[in-house]
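A.B. asks: In case you want the letters, here they are:
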Amino acid sequence: MSSELVQVKDLNVTFTKKHGFLKHHSDETKAVNNVNLSVKEGETLGIVGESGCGKSTLARTLLTLQKPTSGTVLFKGKDIFQYTHAEKHKFRKDVQMIFQDPFSSLNPRMSVGEIIAAPLKAFGYPKEAIKKNVRTLMDLVGIDPKYANRLPHEFSGGQCQRIGIARAIALKPKLIVCDEPVSALDVSIQAQIINLLKDLQKEFNLTYLFISHDLSVVKNIADRIAVIYLGQVKELASNESFFTHPSHPYTNKLLSVIPIPDPKTAKTRTWTFVKEDQPSLITHSSGCAFYPRCPIAQDYCKTHDPELTQLAEHHDVSCFYPMNQET
Amino acid sequence: MLEVNHLKAYIDSSNGLVKAVDDVSFSIKRGETIGIVGESGSGKSVLAQSLMQLNPSPPVFYPQGEILFEGKDLLKKSTKELCALRGNELAMIFQDPLSSLNPIFKVGRQLIEAIQSHKKIAHKQAEAQALQLLSDVGIHQPQQCMKSYPHELSGGMRQRIVIAMALSGEPKLLIADEPTTALDVTIQAQILGLLKQIQLKYKTAIIIITHDLGIVAKLADRILVMYSGKIVEEGTAEDIFYQTAMPYTWSLLRAIPSLKLTRHDRLMSIPGQPPNLVSPPAGCNFSPRCPFATPQCMDTEPELTTAGDHHKKACLLTAQAFEESKHRFEQKQPEEV
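Here the protein sequences line up with chains P and V, keeping their order.
In this text, residue positions in the first sequence follow my numbering: the first is 1, and each later residue adds one.
In this text, residue positions in the second sequence follow my numbering: the first is 1, and each later residue adds one.
One should not assume that every hint holds.
As the list claims (entries may be wrong) - No more than 25 Å apart at the CA atoms, straight line, and that leaves these computed lysine to aspartate or glutamate pairs for DMTMM-like:
hint, chain 1, residue 1, chain 2, residue 2
1, V, K172, V, E127
2, P, K264, V, D212
3, V, K147, P, E28
4, P, K198, V, E330
5, P, K18, V, E152
6, P, K264, V, D221
7, P, K267, V, D136
8, P, K264, V, E238
9, P, K264, V, E323
10, P, K253, V, E323
11, V, K260, P, D223
Hint data in this document are derived by calculation from the structure and do not stem from the laboratory.
The structure presented is a predicted model; accordingly, all values stated were derived computationally and were not measured.
Based on the sequences and whatever the hints tell you, model everything.
C.D. replies: Okay, here's the thing in structure tokens:
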């Protein structure tokens with residue numbers, strides 16, 4: 001649990017959009033803004049944020065699918081953007097991804113067996129070994145191997161997600177990036193997939209980067225949680241500390257909107273009536289990014305941008321006035 | 001206001017007859033909210049679309065039952081009569097806001113069109129009304145929003161526009177089919193708050209369809225739990241959550257990733273998949289997945305029976321037997337984990 005598998009240092013990803021006469025003007029979108037993170041071997045790091053906060057861009061950057069504007073990403077201590085060709089090949093084997101939409105992430109013309117075999121084939125496994133592997137993998141994720149010749153459309157959403165998971169673990173990767181793996185699924189199926197992911201982690205000592213917008217899901221799987229708002233890490237804490245002392249006002253807001261499956265508690269809560277939306281990522285002027293929506297904002301926050309600082313052990317927060325602290 | 005009696009909606013498919021809605025009865029009063037909860041494939045969307053008579057027919061047909069809206073049977077109405085009702089009296093919000101808006105027209109034009117199709121008013125007036133509706137649903141710059149195309153707006157904004165459209169005819173009944181499934185948790189809270197606000201303002205009755213019991217806990221006055229085309233439990237939110245009388249509802253409740261659990265707890269999932277509605281299992285439809293099923297469950301189909309005031313369940317287990325099995329199950333649990 002100790003060694004760091006991935007280290008993200010001062011990562012910035014900025015998209016520029018040019019507009020106006022002769023494209024003289026440009027808007028900058030800071031999708032990832034000065035992010036520092038590390039993922040330890042065998043742990044699950046949950047990344048939480050609203051849509052459009054840059055969490056998928058961050059994930060794509062870790063997979064080298066997106067070039068950073070500045071900063072580095074170290075995988076096992078080596079910068080992934082400086083890899084040689086051979087190292088890149090090895091890296092692709094070590095890092096896999098599970099996608100949000102179980103249907104569109106599987107090729108509708110390939111049989112399930114072929115889909116799971118594809119990564120093995122790409123890494124030149126012998127035919128016999130592939131066949132055997134596919135069977136074991138299907139067993140592992142709870143799909144009867146006799147269905148290997150069926151096409152994805154013959155399966156339900158939850159089963160398709162299992163197939164996606166089988167494909168992701170085929171090459172025995174170190175790190176799996178799960179981009180909202182359960183948000184497209186029904187509650188009952190969601191629980192099955194979360195349990196499956198936990199079991200596989202135990203069995204193969206996998207490391208997960210688990211992206212979600214739902215804190216209740218993340219609570220059930222993550223060891224540490226990072227809350228992202230407009231491309232910045234606002235709070236980073238261990239699971240226990242995060243839920244006992246949520247310190248950033250944004251985290252508290254996120255916690256307050258989770259539907260509670262308990263009518264008595266739920267009815268004591270006030271309704272969230274429509275207020276302002278998340279501002280766009282296009283350059284905000286100065287000060288804390290959360291300032292416009294913050295319930296406890298002070299004048300100081302308008303002009304000064306807080307940095308991620310340590311508040312307690314395993315608990316970092318980026319706010320001048322953190323809430324819910326132990327006294 | 002709306003009464004559904006013994007409604008059956010079957011789909012004639014190439015694989016055989018799908019009993020999507022099988023003998024469903026319920027009613028809703030003015031200003032009331034009903035939550036219909038079930039997994040995908042439990043027939044809840046077919047039921048919702050039957051209420052609006054939106055199911056393509058064929059393949060969908062209604063061998064039995066009636067849908068009484070203010071005393072008149074919707075199943076016997078002509079297309080013309082239905083068109084007059086839809087939007088004016090009944091309105092529906094769909095799951096995916098992007099696919100319910102036309103991508104090639106500006107939002108304003110679509111909204112004005114919706115308003116003018118219900119009322120004979122001038123374009124100017126309709127425009128003013130559209131602006132009013134947009135600010136009602138919490139859009140800050142309605143002028144600007146009218147001029148945008150659907151793809152330029154965020155998911156939450158789109159869903160609000162769809163709600164604005166649904167409200168344009170001031171309907172008496174609003175049917176929301178998974179209105180927040182495609183949205184973030186924060187936006188979800190906003191949309192649910194908006195629905196409640198609208199209900200208080202217009203005294204609309206709302207039927208909200210979802211797979212997440214957490215959503216209806218707060219919003220719904222009464223909850224119907226559907227499984228494989230049938231209602232398996234019906235009651236107030238308190239009945240469903242605190243006096244759960246049916247193993248399926250109980251399992252659904254346990255599957256919700258609640259904040260009360262820690263990461264060392266295992267979520268209880270419902271084993272297997274929802275049944276195939278072409279050839280549903282014999283006896284109780286839930287019996288193959290039910291942790292408490294008895295041999296009797298495999299061959300006798302339970303009826304919806306009373307389990308308390310306004311509380312009904314479709315389960316062969318007696319309340320006492322259910323309590324005992326739950327107890328036994330919970331004691332067994334730690335060994336498995």
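A.B. asks: Next step is simple, just say for each hint if it's right about the structure.
C.D. replies: Hints and how they fare:
{"no.": "1", "hint": "V:K172 to V:E127", "result": "holds (23 Å)"}
{"no.": "2", "hint": "P:K264 to V:D212", "result": "holds (17 Å)"}
{"no.": "3", "hint": "V:K147 to P:E28", "result": "holds (24 Å)"}
{"no.": "4", "hint": "P:K198 to V:E330", "result": "holds (21 Å)"}
{"no.": "5", "hint": "P:K18 to V:E152", "result": "holds (17 Å)"}
{"no.": "6", "hint": "P:K264 to V:D221", "result": "holds (12 Å)"}
{"no.": "7", "hint": "P:K267 to V:D136", "result": "holds (24 Å)"}
{"no.": "8", "hint": "P:K264 to V:E238", "result": "holds (8 Å)"}
{"no.": "9", "hint": "P:K264 to V:E323", "result": "holds (22 Å)"}
{"no.": "10", "hint": "P:K253 to V:E323", "result": "violated (37 Å)"}
{"no.": "11", "hint": "V:K260 to P:D223", "result": "holds (16 Å)"}
When held up to the earlier numbered hints, the structure conflicts with hint 10 and nothing else.
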